[in-house]
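*Asks:* Spelled out, the chains give:
Number of protein chains: 2
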Amino acid sequence: MIAEIITIGDEILMGQLLDSNAAYIADRLVRIGVLPRWLTTVGDEETSIETAFKTAWDRADVVIATGGLGPTHDDRTKPVLTRFFQTRLTFREDLFDQIRGRFKHRRLGMPAINREQALFPDGAQPIDNHYGTAPGIRFERNGKLFFALPGVPLEMKAMLQQGVIPQLKGKGVRVQMAFRTLRTSGISESALFERLGPLKEIEETVGIAFLPDPAGVDIRITAQGIDEGECRLRVGKAEDWLRSRIGKYIWGTDGETIEAVVGRALREKGLKIAVAESCTGGLIANRFTDVPGSSDYFERGVVAYSNRAKTELLDVPERMIQDHGAVSAEVARAMAAGVRDKAGADVGVSATGIAGPSGGTPEKPVGLVYIGYADKDGSDYRKFIFRNDRLTHKAQTAQAVFYLLWEKLKQC
Amino acid sequence: MIAEIITIGDEILMGQLLDSNAAYIADRLVRIGVLPRWLTTVGDEETSIETAFKTAWDRADVVIATGGLGPTHDDRTKPVLTRFFQTRLTFREDLFDQIRGRFKHRRLGMPAINREQALFPDGAQPIDNHYGTAPGIRFERNGKLFFALPGVPLEMKAMLQQGVIPQLKGKGVRVQMAFRTLRTSGISESALFERLGPLKEIEETVGIAFLPDPAGVDIRITAQGIDEGECRLRVGKAEDWLRSRIGKYIWGTDGETIEAVVGRALREKGLKIAVAESCTGGLIANRFTDVPGSSDYFERGVVAYSNRAKTELLDVPERMIQDHGAVSAEVARAMAAGVRDKAGADVGVSATGIAGPSGGTPEKPVGLVYIGYADKDGSDYRKFIFRNDRLTHKAQTAQAVFYLLWEKLKQC
Numbered sequence: 001m002i003a004e005i006i007t008i009g010d011e012i013l014m015g016q017l018l019d020s021n022a023a024y025i026a027d028r029l030v031r032i033g034v035l036p037r038w039l040t041t042v043g044d045e046e047t048s049i050e051t052a053f054k055t056a057w058d059r060a061d062v063v064i065a066t067g068g069l070g071p072t073h074d075d076r077t078k079p080v081l082t083r084f085f086q087t088r089l090t091f092r093e094d095l096f097d098q099i100r101g102r103f104k105h106r107r108l109g110m111p112a113i114n115r116e117q118a119l120f121p122d123g124a125q126p127i128d129n130h131y132g133t134a135p136g137i138r139f140e141r142n143g144k145l146f147f148a149l150p151g152v153p154l155e156m157k158a159m160l161q162q163g164v165i166p167q168l169k170g171k172g173v174r175v176q177m178a179f180r181t182l183r184t185s186g187i188s189e190s191a192l193f194e195r196l197g198p199l200k201e202i203e204e205t206v207g208i209a210f211l212p213d214p215a216g217v218d219i220r221i222t223a224q225g226i227d228e229g230e231c232r233l234r235v236g237k238a239e240d241w242l243r244s245r246i247g248k249y250i251w252g253t254d255g256e257t258i259e260a261v262v263g264r265a266l267r268e269k270g271l272k273i274a275v276a277e278s279c280t281g282g283l284i285a286n287r288f289t290d291v292p293g294s295s296d297y298f299e300r301g302v303v304a305y306s307n308r309a310k311t312e313l314l315d316v317p318e319r320m321i322q323d324h325g326a327v328s329a330e331v332a333r334a335m336a337a338g339v340r341d342k343a344g345a346d347v348g349v350s351a352t353g354i355a356g357p358s359g360g361t362p363e364k365p366v367g368l369v370y371i372g373y374a375d376k377d378g379s380d381y382r383k384f385i386f387r388n389d390r391l392t393h394k395a396q397t398a399q400a401v402f403y404l405l406w407e408k409l410k411q412c
Numbered sequence: 001m002i003a004e005i006i007t008i009g010d011e012i013l014m015g016q017l018l019d020s021n022a023a024y025i026a027d028r029l030v031r032i033g034v035l036p037r038w039l040t041t042v043g044d045e046e047t048s049i050e051t052a053f054k055t056a057w058d059r060a061d062v063v064i065a066t067g068g069l070g071p072t073h074d075d076r077t078k079p080v081l082t083r084f085f086q087t088r089l090t091f092r093e094d095l096f097d098q099i100r101g102r103f104k105h106r107r108l109g110m111p112a113i114n115r116e117q118a119l120f121p122d123g124a125q126p127i128d129n130h131y132g133t134a135p136g137i138r139f140e141r142n143g144k145l146f147f148a149l150p151g152v153p154l155e156m157k158a159m160l161q162q163g164v165i166p167q168l169k170g171k172g173v174r175v176q177m178a179f180r181t182l183r184t185s186g187i188s189e190s191a192l193f194e195r196l197g198p199l200k201e202i203e204e205t206v207g208i209a210f211l212p213d214p215a216g217v218d219i220r221i222t223a224q225g226i227d228e229g230e231c232r233l234r235v236g237k238a239e240d241w242l243r244s245r246i247g248k249y250i251w252g253t254d255g256e257t258i259e260a261v262v263g264r265a266l267r268e269k270g271l272k273i274a275v276a277e278s279c280t281g282g283l284i285a286n287r288f289t290d291v292p293g294s295s296d297y298f299e300r301g302v303v304a305y306s307n308r309a310k311t312e313l314l315d316v317p318e319r320m321i322q323d324h325g326a327v328s329a330e331v332a333r334a335m336a337a338g339v340r341d342k343a344g345a346d347v348g349v350s351a352t353g354i355a356g357p358s359g360g361t362p363e364k365p366v367g368l369v370y371i372g373y374a375d376k377d378g379s380d381y382r383k384f385i386f387r388n389d390r391l392t393h394k395a396q397t398a399q400a401v402f403y404l405l406w407e408k409l410k411q412c
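Protein sequences, first through last, are from chains A and B. For the first sequence, the working numbering gives the first residue as 1, with consecutive numbering after it. For the second sequence, the working numbering gives the first residue as 1, with consecutive numbering after it.
For the record, the hints were derived by calculation from the structure and aren't laboratory data. Each hint can be trusted.
No more than 27 Å apart at the CA atoms, straight line, and that leaves these computed lysine-lysine pairs for BS3-like:
id: 1; chain 1: B; residue 1: LYS54; chain 2: A; residue 2: LYS144
id: 2; chain 1: A; residue 1: LYS54; chain 2: A; residue 2: LYS144
id: 3; chain 1: A; residue 1: LYS248; chain 2: B; residue 2: LYS104
From just these sequences and the hints, can you work out the full model?
*Replies:* This is how it looks when you write it as structure tokens:
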């Protein structure tokens with residue numbers, strides 16, 4: 001069963017609004033094994049809407065459209081749909097009662113324009129709208145289904161759940177799906193790919209997708225089949241296969257964040273951490289404290305942007321900054337050790353670099369960054385060159401610090 | 001000139017990722033008068049991609065596709081495009097040099113697989129990719145244009161700006177548009193609406209949209225017409241009308257962020273700032289340092305999560321914390337004054353609150369927050385209760401601090 005989702009609305013077509021409706025519907029369909037093959041967006045203009053309906057109806061078994069069902073002049077879905085299915089509108093007393101009821105319930109007078117919402121295409125079935133006044137429209141022809149829902153997310157979601165999903169479940173869709181995402185950092189997409197070798201072996205049983213991001217690469221495993229347990233089994237086998245080859249880069253799965261994974265390790269080991277940041281400017285502390293309960297292990301953060309702050313707050317010797325520069329392995333280590341010491345924490349981490357866009361030199365280019373780590377056994381550092389815009393540089397540096405922490409915590 | 005945007009990727013088709021690329025491209029096109037008529041999403045599957053290319057090429061004058069250009073097996077855009085334009089791939093030494101250069105610059109070895117990215121379709125023109133290894137692909141046939149860009153937003157945005165938009169400028173329709181967004185904080189959408197009174201008066205000449213967000217409400221003014229200057233004039237008049245009613249809440253316009261606006265004010269006045277954070281956990285410092293050149297006025301940030309850190313780093317008296325609690329007006333003021341003093345800065349700000357989900361009491365519920373401000377004339381504070389999830393609470397608190405700073409800096 002092939003599904004197509006059509007979103008209708010100028011504000012989405014013009015990029016003023018993200019199309020969260022299509023994503024929501026797609027996700028719900030996938031969960032019941034109905035795989036969308038097309039998402040289409042058109043504006044509030046009859047010719048485009050009609051072309052979109054025709055194209056979708058030709059190539060899909062189920063079409064779900066949202067938007068354009070409101071009471072105003074720019075809502076064109078109902079007239080187009082009526083023409084497309086070669087039928088006509090009839091005034092429906094039962095729908096009018098419902099619309100009137102909704103206004104009464106809200107103690108509001110009903111504007112005359114809402115009366116038109118009780119005009120409904122012959123041969124279609126209405127879908128109840130508990131949160132608004134526009135009923136949904138369902139057409140069934142030759143075993144194919146067409147649903148038109150309003151674009152207001154609250155209304156659309158409830159109607160999808162109650163009036164659409166149950167009908168598709170009952171349409172003999174047998175496909176089950178299982179998913180797993182393995183989250184990696186510290187290695188590029190192409191290097192991962194190379195290390196894995198030919199994927200053919202596992203791709204006979206599951207789908208594998210690489211989703212790169214400045215912070216790392218997610219590997220998504222998908223299995224489709226008739227039996228859900230069997231799908232999960234295949235995903236599990238593929239996960240084992242992947243872990244045996246690239247396990248050392250996988251810090252988490254599915255929706256986990258590395259700050260939550262690192263935080264959990266700190267809590268389990270009863271360790272407290274302190275953070276000294278220069279180029280990341282507070283991002284590392286911010287991500288640590290995004291995790292509920294982080295006050296259990298996060299002792300403090302220092303954003304030592306100026307050299308004075310590095311000396312005063314972190315005991316980095318002025319002489320060291322003069323000799324090696326603020327962006328150096330020495331200063332990164334001294335910052336990590338200094339914040340650990342001052343805070344009386346178990347672990348200290350740091351980052352110092354040139355996020356840009358200015359401030360680089362031939363020896364120390366924009367993008368250069370050193371990250372530091374200190375614990376009771378001493379200190380360590382890593383050097384990177386992240387050539388990106390300022391915000392991505394900050395994000396990559398913070399991710400590198402969390403990844404280094406994750407590696408260190410595994411060992412201790 | 002009709003434009004179609006095609007997004008390629010299973011993760012978008014399956015609703016796992018919002019299609020922000022299509023919205024970004026659409027917005028950029030609209031700004032130069034090229035109106036998109038279709039947005040289409042397909043998965044990483046050759047038949048669907050080819051059908052989407054064919055449909056788009058038939059009905060549009062310019063097609064912009066994103067995604068599927070990476071080096072791995074699920075990147076199918078290049079082979080499909082090569083077949084679609086009935087050409088073949090040739091190894092391009094010049095592109096290979098660029099790809100190798102990117103790895104060299106980052107001091108990384110190049111995986112063999114990246115060599116394939118130098119295979120390029122005959123008859124197409126490459127579009128430089130400054131942030132990644134996959135070049136963009138441009139085809140021109142019979143006056144129509146086809147652009148294929150990578151799906152990584154950072155790469156796509158830069159390539160769109162440098163390699164696509166300049167080629168489309170001047171080819172747009174005669175419809176001109178003018179936009180202006182007025183950015184407000186410190187007042188709710190409905191309160192704004194009420195203060196403005198009937199919008200009919202200005203809505204005859206421009207469109208007005210309210211875009212609320214936990215950080216504030218954006219008011220978007222749009223004018224469409226034949227003459228650009230005349231559109232701008234109408235937008236300007238509407239802006240004056242709005243400013244005369246709600247001007248005191250408008251801290252910026254269009255793409256400005258409040259941290260950039262506040263940063264500019266600090267630089268102009270020659271003031272240095274220091275930040276002391278508890279519940280925001282580094283977010284305020286992080287936002288300050290997102291702005292290029294912020295090292296000119298941002299002296300330091302302290303994330304004093306523990307009471308010990310508040311006392312040691314900010315000179316907040318232990319007794320004060322015992323008497324009033326860490327979340328109190330007294331401690332907020334003392335934190336702001338303390339960090340200002342310790343840093344030798346002109347201005348200090350602070351935030352202390354209960355971001356949740358746990359940690360609340362009947363007197364001090366989850367969501368309670370105090371923000372502090374200190375300058376040479378003394379200290380001040382504000383109290384809020386933001387009932388939201390943890391991350392939204394952090395975002396709202398940080399925004400309130402920037403808004404307070406903006407108000408204070410206007411006065412001095």
